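Asker: Fit chain B to the known structure of chain A by using the hints.
Protein chains in written order, with the numbering used here: chain A, 1 to 480; chain B, 481 to 626.
You may find that some hints are simply not true.
Stated by the list, open to error - Calculated Cβ distances over 10 Å to all of chain B for the following chain A residues:
1. Ser22
2. Gln54
3. Phe148
4. Pro276
5. Leu277
6. Gly282
7. Thr334
8. Glu380
9. Ala423
10. Phe432
As the list claims (entries may be wrong) - In silico DSBU-like cross-links for lysine-lysine, where the CA-CA straight-line distance does not exceed 35 Å:
11. Lys568/B - Lys505/B
12. Lys579/B - Lys479/A
13. Lys256/A - Lys427/A
14. Lys294/A - Lys504/B
15. Lys470/A - Lys392/A
16. Lys568/B - Lys260/A
17. Lys260/A - Lys504/B
18. Lys388/A - Lys579/B
19. Lys559/B - Lys260/A
20. Lys294/A - Lys568/B
21. Lys483/B - Lys256/A
22. Lys256/A - Lys559/B
23. Lys260/A - Lys579/B
24. Lys426/A - Lys559/B
25. Lys505/B - Lys551/B
26. Lys332/A - Lys579/B
27. Lys483/B - Lys559/B
28. Lys426/A - Lys260/A
Since the hints were derived computationally from the structure, they do not count as laboratory data.
All values derive from a computational prediction rather than experimental measurement.
Cβ atoms here follow ideal geometry from the backbone N, Cα and C, with glycine treated the same way.
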Amino acid sequence: MRMRFRDLRIKWKLPLTAMAISLMVLLAAGGLLFAHEYSAVREAMERDLAAIGQVLAANSTAALSFEDPQAGEETLRALAAKAAVEAACLYDADGRLFATYVRDGNLAAPPERPAADGFEAGAESLSFFGPVLLRGRRIGTIHLRSDFSQLDGWLSAYAKVCAGILALTGVLAFALTSILQRPLLAPIEELTETARRVSEEKDYALRGRKRGEDELGFLIDRFNEMLAAIQSRDAELVRAREELEERVEARTRDLKEANKELEAFSYSVAHDLRAPLRSIDGFSMVLLEDYSDKLDETGRGHLDRVRMATQRMAQLLDDMLNLSRVTRRDLKPTGVDMSRMAEEVFEDLRVREPQRQVEAVVAPELRVEADPGLLRIALENLIGNAWKFTGKSAAPRIELGIMNDNGRPTFYVKDNGAGFDMAYAKKLFGVFQRLHAATEFPGTGVGLATVQRIVNRHGGRIWAEAEPGKGASFYFTLKD
Amino acid sequence: MPKKYILLVEDNPDDEALTLRAFKKHSICNEVQVVRDGQEALDYLFREAAHAGRDSSEMPTVVLLDLNLPKLDGLEVLKRLRADARTKLLPVIILTSSKEEQDVLRGYGLGANSYIRKPVDFQQFLDAVGQLGLYWLLLNESPPRA
Chain A
1 MRMRFRDLRI KWKLPLTAMA ISLMVLLAAG GLLFAHEYSA VREAMERDLA
51 AIGQVLAANS TAALSFEDPQ AGEETLRALA AKAAVEAACL YDADGRLFAT
101 YVRDGNLAAP PERPAADGFE AGAESLSFFG PVLLRGRRIG TIHLRSDFSQ
151 LDGWLSAYAK VCAGILALTG VLAFALTSIL QRPLLAPIEE LTETARRVSE
201 EKDYALRGRK RGEDELGFLI DRFNEMLAAI QSRDAELVRA REELEERVEA
251 RTRDLKEANK ELEAFSYSVA HDLRAPLRSI DGFSMVLLED YSDKLDETGR
301 GHLDRVRMAT QRMAQLLDDM LNLSRVTRRD LKPTGVDMSR MAEEVFEDLR
351 VREPQRQVEA VVAPELRVEA DPGLLRIALE NLIGNAWKFT GKSAAPRIEL
401 GIMNDNGRPT FYVKDNGAGF DMAYAKKLFG VFQRLHAATE FPGTGVGLAT
451 VQRIVNRHGG RIWAEAEPGK GASFYFTLKD
Chain B
481 MPKKYILLVE DNPDDEALTL RAFKKHSICN EVQVVRDGQE ALDYLFREAA
531 HAGRDSSEMP TVVLLDLNLP KLDGLEVLKR LRADARTKLL PVIILTSSKE
581 EQDVLRGYGL GANSYIRKPV DFQQFLDAVG QLGLYWLLLN ESPPRA
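Okay, chain A solo, but in the shape it has when bound (with noise of 0.2 Å):
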């Protein structure tokens, strides 16, 4: 993977960023210097070169004035001495080649027609066009061609100490933010360590180190002011969960020694309360058997009702503990066929009182979820209930089925008894309501609200239709 800058450590970063400066500096300032020498360097070539051209024009006037070439050449010879010139000529007045001098024989040739005074900088020579005067007549050109080999050589001398330079800036440079960087470093160095640590223990006790009131100073108090809120919080937040687990603990605990309460209260219920019923039936019962003779009839009657009180009293406390064994026993929810249970329902009742003469429809297939036992109790109540209120028409008829109700399916028990009232309606599904008189029709009136603890406990809803001697319908829903 390539380092980027960005993702070096501020410990290289910073000396990098040094070194980078005082080399761009000391290049732009060597470029300046450069440019400028270079310039004074080129200037002292030519004037040297004008100078040895006037020299040798000087020397050349008696060479063109009696036009001997020998003795031009001569002169021009002289130039041996001088390295850097390449080649040279002088013309004659009318600009034709008088006399020549090349330093070695590979090199170029002078132009053989002369150009204007001056100097003609090329890409390898600098060349030089002088007049020859004679008492300030022309008599003649003199050329001279300079290569660069003193240029150069200035040039890479003046590179080599710039390099040299250049490099030891650098690593001094380097050198010196290293260490001079350290002060500035230590802290933001030290709390990188200790956010580390943080994040990696997870422990919110670790405190930054201040060394100063600087913007560093700064961060690190803001830091450690973020870590104890964090360790307060954290704490807090211990506290609160124990707290929880506690009060969860002690509400578990209340609400078994309730639920244990309540069992034992449903037992005995279940026991207690139906002995002495027993007894005052029994011997209701005796007193009709063996002492009837000394009892008239109202007498009798009299017992007859106390034993009837007795029978509905512990119809009562039966239907009581149905209904709160319906509210503690545990949903064991299944796949349950509801149409072949409401016929086992039908079945049982007209057992019970093979005289009626009911017309039952039960829906085919109505295959649901739920707790067998409990949809069991509800349907044994709303069908029982739709046969003891049609007990007074004259052709009774109870349909289960199923609806659409806004896309939910809704079961229904429909009837075409007694009915009710609808402005009794709200009260139809508590416990021991009844809209009907006992004479009427017998009941507790805990039964629909058995039934509505079932279809609640299923996530269900259940309510009613009903006109007064029309008949009854109960909905309901098993899921919603």
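Answerer: Chain B only, in chain A's frame:
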């Protein structure tokens, strides 16, 4: 031939009187021995304490056992009876007010031969007692004596 009789374990004197009356009504003239708590039932059957001198050849044909008893409850009594070789096969009928599912299950689980809930309606109670007397004393073949 040892005489056939019933051991009634019942703490409630009303229930006792009514049960005896029911037997009488159904002409079950066999003797009915009554004990009034669980401990006494065990003492009687194992001939201990107050019943130590009892004739060892006499064993009830059937035990009518209430569940809700003082000192030792009915299920505990049943457990001890089934744990002892002398009473392991003794027919025991639970006769109680409770029809709690767990009582029924535990009763049968501990080896009860029958479980009858005392109806509140005395007429029904009469019928029930009559039938069980008839069945256990006359129809049912008792296990051979150990």
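Asker: For a C-alpha distance cap of 35 Å, please report whether Lys426/A and Lys260/A respect it.
Answerer: holds, 32 Å
Asker: Does the structure keep Lys256/A and Lys427/A at a Cα separation of 35 Å or less?
Answerer: This hinted pair holds, its Cα atoms lying about 32 Å apart.
Asker: Checking one constraint from the list: CA of Lys294/A to CA of Lys568/B, max 35 Å. Satisfied?
Answerer: violated, 50 Å
Asker: Are all beta-carbon distances from Phe148/A to chain B longer than 10 Å?
Answerer: The assertion about Phe148/A holds, with a minimum of 118 Å to chain B.
Asker: Check whether the Cα positions of Lys483/B and Lys559/B lie no farther apart than 35 Å.
Answerer: holds, 26 Å
Asker: Find the nearest Cβ of chain B to the Cβ of Gln54/A and say whether that gap is larger than 10 Å.
Answerer: Non-interface label stands for Gln54/A: nearest chain B Cβ at 138 Å, farther than 10 Å.
Asker: Is the Cβ of Gly282/A more than 10 Å away from each Cβ in chain B?
Answerer: violated, 4 Å
Asker: Minimum Cβ separation between Thr334/A and chain B greater than 10 Å?
Answerer: Per Cβ check, Thr334/A is outside 10 Å of chain B; nearest 18 Å; holds.
Asker: With d taken as the least Cβ-Cβ distance between Glu380/A and chain B, does d exceed 10 Å?
Answerer: At about 16 Å from chain B, Glu380/A clears the 10 Å cut-off, so the statement holds.
Asker: Mind verifying the non-interface call on Pro276/A? Its CB should be farther than 10 Å from each CB in chain B.
Answerer: violated, 8 Å
Asker: Could you grab the alpha-carbon distance between Lys470/A and Lys392/A and see if it respects the 35 Å cut-off?
Answerer: With Cα atoms ~12 Å apart, Lys470/A and Lys392/A stay inside 35 Å; holds.
Asker: Going straight from one Cα to the other, do Lys505/B and Lys551/B come out at no more than 35 Å?
Answerer: The hint holds at about 31 Å.
Checked against the numbered hints above, the structure breaks hints 4, 5, 6, 17, 20, 21 and 24 and satisfies the rest.
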